[in-house]
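Residue-level listing of the chains:
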Amino acid sequence: MKYAVDLHIHSALSPCAHEDMTPNNIVNMAVMKGLDAIALTDHNSGANLEAVSICARNQGLVFIPGMEVESCEEIHLISLLPDLKSALKLHEIVYEALPAIQNRKDIFGSQYIMDENDQIIGEEKRLLVTATSLTADEVFSLVTSLGGAVIPAHVDRSSYSMISNLGLIPEELKIKYLEISKNCDRYAYRAAHPELDGYKLIRSSDAHYLGDILERESMIEIEGRAAREADGSTDGFGLIGEESGQADDMAGIGEALRHVDEASRIREPDKDKPSAGLTACELINILV
Amino acid sequence: MLAAEFAAKLGAKVLTGEPRDNTEIKGIYCGDLLSWVMSHAPKSSAWVTVHTHLNIVAVASISELSCIIIPEGIKVDEATINRAIDENTIIISSELTAYEICSIAHDCGI
Chain A
611 MKYAVDLHIH SALSPCAHED MTPNNIVNMA VMKGLDAIAL TDHNSGANLE AVSICARNQG
671 LVFIPGMEVE SCEEIHLISL LPDLKSALKL HEIVYEALPA IQNRKDIFGS QYIMDENDQI
731 IGEEKRLLVT ATSLTADEVF SLVTSLGGAV IPAHVDRSSY SMISNLGLIP EELKIKYLEI
791 SKNCDRYAYR AAHPELDGYK LIRSSDAHYL GDILERESMI EIEGRAAREA DGSTDGFGLI
851 GEESGQADDM AGIGEALRHV DEASRIREPD KDKPSAGLTA CELINILV
Chain B
3 MLAAEFAAKL GAKVLTGEPR DNTEIKGIYC GDLLSWVMSH APKSSAWVTV HTHLNIVAVA
63 SISELSCIII PEGIKVDEAT INRAIDENTI IISSELTAYE ICSIAHDCGI
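Chains as they are written, first to last, in our numbering: chain A, 611 to 898; chain B, 3 to 112.
Keep in mind that a hint or two might mislead.
What the hints assert, rightly or not - Think about it this way: if two alpha-carbon atoms lie no more than 16 Å apart in a straight line, the pair counts; the simulated EDC-like pairs of lysine to aspartate or glutamate are:
{"id": "1", "chain 1": "B", "residue 1": "11", "chain 2": "B", "residue 2": "89"}
{"id": "2", "chain 1": "A", "residue 1": "715", "chain 2": "B", "residue 2": "88"}
{"id": "3", "chain 1": "A", "residue 1": "715", "chain 2": "B", "residue 2": "102"}
{"id": "4", "chain 1": "A", "residue 1": "784", "chain 2": "A", "residue 2": "747"}
{"id": "5", "chain 1": "B", "residue 1": "28", "chain 2": "B", "residue 2": "88"}
{"id": "6", "chain 1": "A", "residue 1": "810", "chain 2": "A", "residue 2": "822"}
These aren't lab readings, by the way, just hints derived from the structure by calculation. This structure is a prediction, so every number in the text was calculated from the model and none was measured.
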């Protein structure tokens, strides 16, 4: 069974994200786009995880609590946790490792903490978009010890990427997946980087705006989980974690917007959905 | 020395147009780890970095650096240049290496 995911999404807690990135907006957009699971990955903080997890549960969307941790080498590491409790534990440790630099809203933007009704209940005063004192190795050990998975973020970019900052992927780190960014040409990238053949690539949006959230284009397969007949899911989609096809983004957004009213209503979780019963833990097990 | 004068000494191009005020260079600082630069670069330094990400403008603003010098003709994104213009941060693009830029700065008494 293949599930459509977007494992790198920011909320309005990240100062660089648009303030429309509220818990309900993120979840509703993900539902409209037809995703099965999303991860919330704000910079160095899990302060909005609980609100988004409540909204996701209300919409029957599988939610992976996460964080984009910035190591001291300025590498962005998508850290995905099996549950809220372990994610909040990571949040505490990362927060301790953040330098005491105050956010400058005029330069970086606001860092809103929100509840499940999209109300602003606080503002993070400490600057979140900076390096922690944790090494990349430490982030890996920490997240692994919490039962989570780490995916080095946007390795195709020239900033904050493990490859740009370290020159290569350290072999000693237990890495299975590397994230490529939304507009990366997967085949050209593969061709240009034969040294990465041992790694799987997964596309995530790194959404800072609602429209950035992926269509059903980044798939994770969980073998042994039965596909529903009505789902039409067949073999031959490609490799695990590879994309299912060439989604026409604009057409997808148009289609999604036609269903705005429907999706904005709180819905009972659909027990017949292909993702019914799927847990963050099952997805994480595929990623490690 | 003013940033624009130093750019002329380097034979470099100011990417951000005419500066709105006279920014004096009081020292030079090299570093590519943004968090390190943010916590260590002395105020009013000219900062030499190979980084071209948008965030260099924020780092320069927070640390009150006099200008950013991108060495080796590295292409700077339009978004970074536009943000720098908004923030009144000067970005200079030089074909020289960081070492050559520092040598010239030294010769100029910076």
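Violations among the numbered hints, reported as their numbers in ascending order: 1, 3, 5 and 6
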